[in-house]
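Engineer: Protein chains in written order, with this note's numbering: chain C, 1 to 342; chain F, 1 to 342; chain A, 1 to 342.
There is no bait here: all hints are sound.
Which copy is meant is left open, because identical chains are indistinguishable; a pair holds if it fits in one copy or across any two.
Listed below are the simulated DSSO-like cross-link pairs for lysine-lysine, each with C-alpha atoms no more than 27 Å apart in a straight line:
#1 K324 <-> K340
#2 K204 <-> K314
#3 K208 <-> K100
#4 K324 <-> K204
#5 K314 <-> K207
#6 K338 <-> K324
#7 K314 <-> K208
Keep in mind the hints are simulated off the structure, nothing from the lab.
Computed from a predicted structure; not experimentally measured.
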Amino acid sequence: MVDTRFFGEAKETKLVDLLGAVGLAAEAADMHFQDMDVGGVDSLETAQSQDISLAAQKHYLPDLKETKAGVVLVAKEFKDDVPSGVIAITCAEPHASFVKIIEYLYPDSQHRLAVTPHVGELGDPVLEDNVTIGQNVVIGSGAQIGENTIIGPNTIIGPNVCIGRNCVIGANATLECALLGDDVVIGHGARIGFAGFGWLDHAKTNKKIPQVGRVILQAQTDIGPNVCIDRGALGDTIIGENTKLGALTMIGHNSVIGRNCLLAPVAGLAGGAILEDSVLIGANGGTAGHLTIGAGSIIFARSSASKSWPEGSKLVGNPAQDMKDFWRELAALRRLAKGKTK
Amino acid sequence: MVDTRFFGEAKETKLVDLLGAVGLAAEAADMHFQDMDVGGVDSLETAQSQDISLAAQKHYLPDLKETKAGVVLVAKEFKDDVPSGVIAITCAEPHASFVKIIEYLYPDSQHRLAVTPHVGELGDPVLEDNVTIGQNVVIGSGAQIGENTIIGPNTIIGPNVCIGRNCVIGANATLECALLGDDVVIGHGARIGFAGFGWLDHAKTNKKIPQVGRVILQAQTDIGPNVCIDRGALGDTIIGENTKLGALTMIGHNSVIGRNCLLAPVAGLAGGAILEDSVLIGANGGTAGHLTIGAGSIIFARSSASKSWPEGSKLVGNPAQDMKDFWRELAALRRLAKGKTK
Amino acid sequence: MVDTRFFGEAKETKLVDLLGAVGLAAEAADMHFQDMDVGGVDSLETAQSQDISLAAQKHYLPDLKETKAGVVLVAKEFKDDVPSGVIAITCAEPHASFVKIIEYLYPDSQHRLAVTPHVGELGDPVLEDNVTIGQNVVIGSGAQIGENTIIGPNTIIGPNVCIGRNCVIGANATLECALLGDDVVIGHGARIGFAGFGWLDHAKTNKKIPQVGRVILQAQTDIGPNVCIDRGALGDTIIGENTKLGALTMIGHNSVIGRNCLLAPVAGLAGGAILEDSVLIGANGGTAGHLTIGAGSIIFARSSASKSWPEGSKLVGNPAQDMKDFWRELAALRRLAKGKTK
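Can you make the complete structure from the sequences, with help from the hints?
Structural biologist: Encoded structure:
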């Protein structure tokens with residue numbers, strides 16, 4: 001569900017009007033909506049009966065079959081996988097149509113780089129006791145800051161951002177569309193919750209996909225300086241309890257990191273990566289998107305996982321493989337180059 | 001041509017005086033300059049009849065043969081390639097002499113990290129209607145900002161920077177020596193137009209090469225948070241229309257990126273790289289400098305091109321090669337390590 | 001020695017009381033301390049007779065045998081290597097106990113992300129003549145700034161930071177726990193002296209190791225924009241005279257870089273790396289920690305050294321190897337993939 005603290009209340013809208021406004025009247029011509037009101041947009045997994053969701057590519061299929069969404073924009077080839085009782089709008093370009101719906105329902109999503117506070121949006125933040133606010137800090141209206149938290153100088157806190165107790169937020173940082181637990185540390189210059197790198201029609205029109213999700217930093221997370229964490233495109237980017245991120249780390253939208261992980265400096269996760277608990281990533285290591293790294297795995301420095309790996313994996317290389325395989329192959333190559341057959 | 005909005009008017013200077021001032025009197029002793037006035041410095045390609053240019057290494061040769069510069073500082077081995085009518089000053093160390101000339105003509109180029117506004121340089125910017133300026137924004141004198149543009153809090157706009165209409169500039173960013181088109185988005189903490197990484201006499205004296213160029217961000221470019229874009233050393237670093245750069249991307253001086261490209265987060269181009277239109281670079285991918293990547297090419301994540309490639313290339317690895325070759329070689333290595341001959 | 005300008009005066013403490021307070025009473029039960037006063041904590045190499053030091057792992061051994069520390073917390077297996085006259089406290093978890101001692105002696109080390117100035121800590125900095133301070137700069141009490149130095153807008157200078165003469169500090173930067181020589185340049189958004197990435201009990205409790213060291217930037221160093229340099233964990237992170245670091249470079253705690261080095265943009269050193277003089281590292285290149293790269297070596301772009309290399313090495317690959325070996329192996333692989341035996 002889109003958090004309307006960050007992206008404005010969806011307009012009260014009849015489904016039939018919405019579909020007309022975004023150019024889907026023909027696709028919906030034969031349907032009978034009985035004046036259905038639209039709640040909002042959501043992912044297939046969490047959408048409710050008044051929400052609109054999307055099934056654009058093959059990897060949406062498992063969630064499509066289980067969805068409780070009211071309406072799904074669906075590519076022709078997945079039409080028969082829409083559960084009965086769910087309204088299926090078959091589109092030539094479902095993702096592009098879904099973008100139009102987001103822009104229509106959440107006008108803020110298309111106008112601004114990010115939800116930085118500006119004139120008219122500054123208000124008194126809600127502060128608990130003993131909060132320390134540095135010089136030149138700018139706080140958006142509706143922001144909440146917990147007891148004993150310190151905000152460093154020149155930092156920007158976006159509207160409605162919630163920060164827990166005993167947090168330390170560094171200097172020159174920016175937080176927006178974010179909810180922080182207690183005892184969170186944010187490094188100087190960290191960028192938390194900006195719009196991630198999501199585009200349609202790659203290298204042709206580069207149409208921006210509105211990013212209407214959030215960042216959740218659970219308790220005791222520690223985020224290094226100049227780190228960048230995208231907010232979710234739809235839904236949340238989550239950093240789990242007691243997980244620590246080194247300087248200059250980059251976390252793509254909708255990544256979900258478990259508890260007690262350590263990501264060394266300059267690590268990076270592409271969008272939609274899942275790290276289970278207690279994963280270690282070495283400096284400049286990382287993963288591709290839309291995969292799962294099992295609990296307790298280690299991705300060594302400068303190595304990147306290109307697919308899912310089970311718990312306890314130890315990975316080296318690009319693309320990463322089991323470390324024993326990596327070293328065996330390197331040894332084989334060295335023997336080959338020296339003209340040895342064994 | 002050096003943009004004198006950013007680096008001060010070149011002094012009115014006679015060529016003979018300039019050469020004496022920078023220690024080239026002996027090299028020019030036999031020449032007859034007839035009181036020639038110096039216009040400025042420029043690259044071989046764009047220099048005019050009163051400009052001084054440089055031909056220091058082999059890769060300058062094609063432009064040297066076609067140059068319309070008035071004067072060229074030239075290494076001995078390229079002396080015979082200077083077109084007739086162009087004054088050739090043969091130097092032992094042409095690049096070092098050229099640096100002295102830049103420092104003499106543009107004194108600002110040697111004194112400051114970057115052209116940040118400071119006391120005495122702040123002036124009323126020229127704002128069109130409906131511009132929104134955040135808290136604690138610092139704007140240098142002569143800066144121009146177009147209609148409907150928003151500048152986020154704590155951002156620094158250097159003197160004479162021009163920003164188009166409907167732009168969104170994030171918070172805590174710095175812009176200097178830059179010209180921006182309409183509808184440009186700049187992420188929080190982005191560093192646009194600082195002096196790039198150019199040095200002479202590597203690892204010995206590390207003499208700084210003055211950086212007297214600009215950054216041009218064409219319309220609809222979108223620059224992620226904490227991105228760094230060097231200004232040109234001489235001439236421009238250019239990001240083409242509708243090209244999008246992810247978070248923490250690094251663009252070296254004098255790189256030229258075409259239209260509709262997508263560079264995913266943590267991508268990087270070394271100085272002087274050329275990307276034609278519609279090039280895609282995956283996360284943490286990039287190129288070396290002084291090469292051309294043809295239109296529509298893809299450089300996959302964590303791969304880096306070390307030489308020029310034609311249009312439509314699909315590149316993987318370090319150094320990058322055609323993706324089919326990359327995967328075939330990896331498969332061969334795996335068979336080898338398993339002791340298989342096929 | 002911990003610099004008490006940055007981490008508060010160690011409490012006047014009797015050794016016997018300290019050991020009791022941190023849970024080491026039993027380990028010290030049979031010893032007779034004669035009311036020994038504790039000076040502070042320090043590394044084995046530089047500790048004096050009233051200091052406490054640590055020998056937790058094998059790589060501490062050479063320094064352990066030579067230490068002049070008064071007291072050493074030592075793992076059981078190294079107990080016999082403690083020099084006579086040094087009090088050895090044998091612990092099950094010496095590093096964890098050492099952390100408790102640091103937290104006890106230097107309470108500031110555990111409470112704050114970094115030593116950013118806040119209410120109560122702002123004071124008049126000590127400025128020499130002709131210092132230029134930009135708008136919205138925040139300076140902590142006790143900071144010193146040398147003649148002709150320029151501080152860019154919105155930059156934060158932590159308490160007791162010392163900056164030399166003729167320096168140029170960019171905008172939106174943060175400096176803390178740092179000492180800068182003359183003629184130093186710091187890029188916009190650089191993060192100098194924050195707490196580095198040091199944790200105990202990896203991926204379990206992720207216990208923070210307090211970082212009570214400093215950053216030393218020697219004369220004529222040039223630090224690019226958005227660069228991150230950790231302060232030492234204990235002792236100093238040092239960038240040598242006339243060394244230049246490109247944009248987005250990351251330097252881990254206790255790294256020591258020699259004179260006249262060049263680290264291109266997005267380079268990175270893990271903690272405790274030593275670069276001798278005149279080392280070149282290409283873009284996105286780097287090293288692992290706890291190793292030494294000999295003078296005049298070159299680590300090419302995107303390559304990373306995983307072990308020590310002698311002077312004059314030319315290194316390519318991941319893990320880096322001698323460049324001739326790298327290219328020979330790549331050629332062998334290509335022949336193999338093409339089915340050639342030679």
